[in-house]
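Asker: If you read the protein sequences in the order shown, they are chains H and Y.
Counting from 1, one number per residue, gives the positions in the first sequence under the numbering used here.
Counting from 1001, one number per residue, gives the positions in the second sequence under the numbering used here.
A portion of the hints provided could be inaccurate.
To be verified - What the simulated footprint calls covered on chain H by chain Y, stretch by stretch (three residues with Cβ under 8 angstroms from a Cβ of chain Y suffice, anywhere in the stretch; the number is not a length): (1) 4-16; (2) 552-559.
What the hints assert, rightly or not - Each computed DSS-like pair below joins lysine-lysine, with the alpha-carbon atoms no more than 30 angstroms apart: (3) H:LYS99 <-> Y:LYS1143; (4) Y:LYS1046 <-> H:LYS169; (5) H:LYS99 <-> Y:LYS1133; (6) Y:LYS1083 <-> H:LYS117; (7) Y:LYS1083 <-> H:LYS198; (8) H:LYS100 <-> Y:LYS1133; (9) H:LYS82 <-> H:LYS103; (10) Y:LYS1133 <-> H:LYS81; (11) Y:LYS1061 <-> H:LYS103; (12) Y:LYS1113 <-> H:LYS195; (13) Y:LYS1041 <-> H:LYS206; (14) H:LYS82 <-> Y:LYS1041; (15) Y:LYS1046 <-> H:LYS206; (16) Y:LYS1041 <-> H:LYS93; (17) Y:LYS1041 <-> H:LYS169; (18) H:LYS481 <-> Y:LYS1083; (19) H:LYS672 <-> H:LYS198; (20) H:LYS99 <-> Y:LYS1046; (21) Y:LYS1133 <-> H:LYS82; (22) Y:LYS1083 <-> H:LYS169; (23) H:LYS116 <-> Y:LYS1113; (24) H:LYS485 <-> Y:LYS1083.
Simulated from the structure, these hints should not be mistaken for lab results.
Glycine included, C-beta positions come from ideal geometry on N, C-alpha and C.
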Amino acid sequence: MKKFLRILFILILIITGIFVLNNPTNTETNILKAVFSNNTADSTVVELSNRYSSKINVIIESSSAEIAEKKAQEFYNLIDKKTFGIEKFDSSKILETYKKYNKNLLSTYTRQKLIKKEYNEITSEAFTRLYNPVSFMLLPLNEDPYMLLEDYIQSLGKDNPDLINLNNKFYKIIMLEVNKSKALSPDLLNGEIKKLTKTQQELSDKNTTIYFTGTPIHSYYASSKAKTEINIICLLSLIFIIGLCYFYFRSLKLLAPIALSLAIGILSGYIAASIIFKSIHVLTFVFSTTLIGICIDYSLHYFIEKDLSKIIKSLTISMITTVSAFAVLLFSGVELLKQIAVFTMTGLFCVYLIVILYYPLINLNYNPRKINFVLPNKSKKFIATIIILTAVFGLFYHKFDDDIRNMYIPSRTLLKAENLFNELSGNNKKTTFAIVEGKNIEEILQKEENITEKLPTSNYQALSKFIPSKIKQKENFELRKELYKNTLKSYAPFLTENEINLLLTEKFSDKFIEVDNNLPLINDFLINKNTSVIVLYDIKNPDNIIKNGAKYIDIPKDISQRIKECRISCVKMIIPVFIILFIILSIIYKPKTALKIILPSILAATFSIGLLGILGQQINLFHILAIYLIIGFGLDYSVFRASCLEKVSDAVLLSCSTSVFSFFLLTFTSFKLINSLGFILTTGLIVSYLTSNLFNYENNRQEKKL
Amino acid sequence: MKKFLWIITAILLSSYTITMAQDGIFQHPSSPNNIYIPKYKNVNCKFSQTKTIPNSQAYIKSSGNFKFQNTNGVIFETTYPVKTTTSYTTDQNNRISGIITAVSNRDYSYLNKNFDLFYNKVNSDWTLALRPKTSSKAHSVMKSVIISGGDFIKQININTINSGDTTINFTQCSAY
């Protein structure tokens, strides 16, 4: 039977391996995708986030305007045009349309004044435009004597400046739009961004500094850093394991089967994640390096006891409890944690299979040391007191933090670049969105106009701002005509009587500016033919937006809300999970022993949360999820101790030290989400180990068998 | 009467000379390396502007104070016939203020990218003409800009596609 299982295991591994090799999965590097999935109910949040995550802003800073211009041109010449397009707004096309239909257009401000018949103010502002030495008449005065088209265009918002002078330095901004095919392949995109950073280095000198901002840049630096961190953690973990083998087993022969089991564990985790998920997030790889610390436990238990029959029960219970703890992450609703769960559960299960199927075939001679670490009774009381006090007092100081923005802290350089870009572009307002749905474009435009009617024009950008609804276009024509009737003769002595009469007798032509896909901006606002997006700036009260039937979206707030809901449900699940585990363990062992097995995990979990409270650290979803992992690991130590094997104390110490070492290394990683997990798991596992030492399991030798 | 005729003749001659000079400037294509214009930091002037209206005999005239500050931008304070102040800070993109700033900052790369350049210098008087390139944003509204000066900018002549010509004369300039 075992022979058959061995062959079957290898066959499954080979077949799935070949499948994944032929269908390679992308590595996802977008930070936002770590915390919410494409399957989320709120798919609009994903759509909006994708929409705004493919832009890169290049800022060229120089003390000389000419150098800034030259460097910008050089930079543009050196970039790959197939990957990066320059975001150019072709104003000439829309300007021609506006000129043609100019009488249908009025700025919101002027429209309101005309509705109130405040003609004196309108003429006064028209004089200001007329006498402005550097103003341009977009139309001859006999067609638009009040220069209302200029007024309308100015109301749309200011154009991107060619060159900006700020604090005696000159800035040139190039906005790059990542080609869609490249944006979908993070590996390819990162390769192209690497080339951009090389160009950045080549063109930077004492007179020129080049900054980058935008999501792809954050993703590139985060993933590059993550890759370096993976390599360092792997290397240090391996050095630690080699050192441990050499110190404890006094032999390096064991390294080969241990390394092979770890490699197959990680490979199988990767294969499973590749088959289940469309792409694997780079942070999954970072976290999954801790598999080294977890998987090695099974090998250590085997090589210390040298007899599978002695450890098979503990090993199986341990595997089931740890896998169950990771399985909880599958229900977290967080894509990254789901991937970590699948990766780790598969890896653990495969290493378990390797230990029970293949290790008995290995015959190695080695002579392990005997540490047999036991806590002195005095220390036990002291440790128990400290743990309980920390757990109890800490719970009074805990604070929760669900804000997604606090989960990722960019480097100082990137933060400086983002702040600079915001200052230069005046884009430091809080951006939110309103999603408007309608049966057709006209209905969408009318809904948008109702929503934005009372908003200052600087507080939003919407399709209806650039192309008013047909109803509004006709109203604008009539309002303008009323203005002409009341003031034109006295206002415009520069026009001939004939020109004035032509303007006064003009009739509405029933021709409108239509939404045309060839016009610029259309695709910026239309998600599909029935849905548009209004971009809102610094909106304090979205009630009017919601009342008018739009869906209000504040991306960071919405994600934070989802994280909060997820955290609350995870907290609520902790007690039921403990009860279920207690029932399972009570069936396998006696209830008293089950309690002894489960208590270290409860103490470790409450201590870890309490410690965060005392240290003033805010508790986030990932700390709560780590509690489940602590339960899984903590149970392992107690389960093995409950087996009362001769060398179990050493096996638990060694397995704890490898796990703690791996998680401790995670606390030094740059991504807050991962180092949050690293910190709480390190403290939780140390306390699990210490508390498992507090109980005596010697009386359990005669308990039920599995 | 004679005195009046002399004045009329003088005005006509000077207008003719200016027009000839303006047309002549396009005979002198240039490149950024060959252009020399004094660099200004902060300048105060009086200005007067005359705009012609296409297909009309009427003119639009205004005057007031002009300020250029290297760090802040361009301010036109119109005092006649209406009182109004138009300022274009350096981070705003008004084409004319952008050109004035680029000329003052000697940002010839910007000018060269957006315009065909023409330059002529006689003694301390210089004339710089800019004709928008087809790729430039200004191409759809502007035919040309001619800037002339000595120690300071003396005149800007803007020829547009739809809105006639604008001539801005600067007098009583002082740097500080």
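Asker: Can you list which hints this structure breaks, lowest number first?
Answerer: 1, 2, 7, 9, 14, 15, 16, 20, 22 and 23
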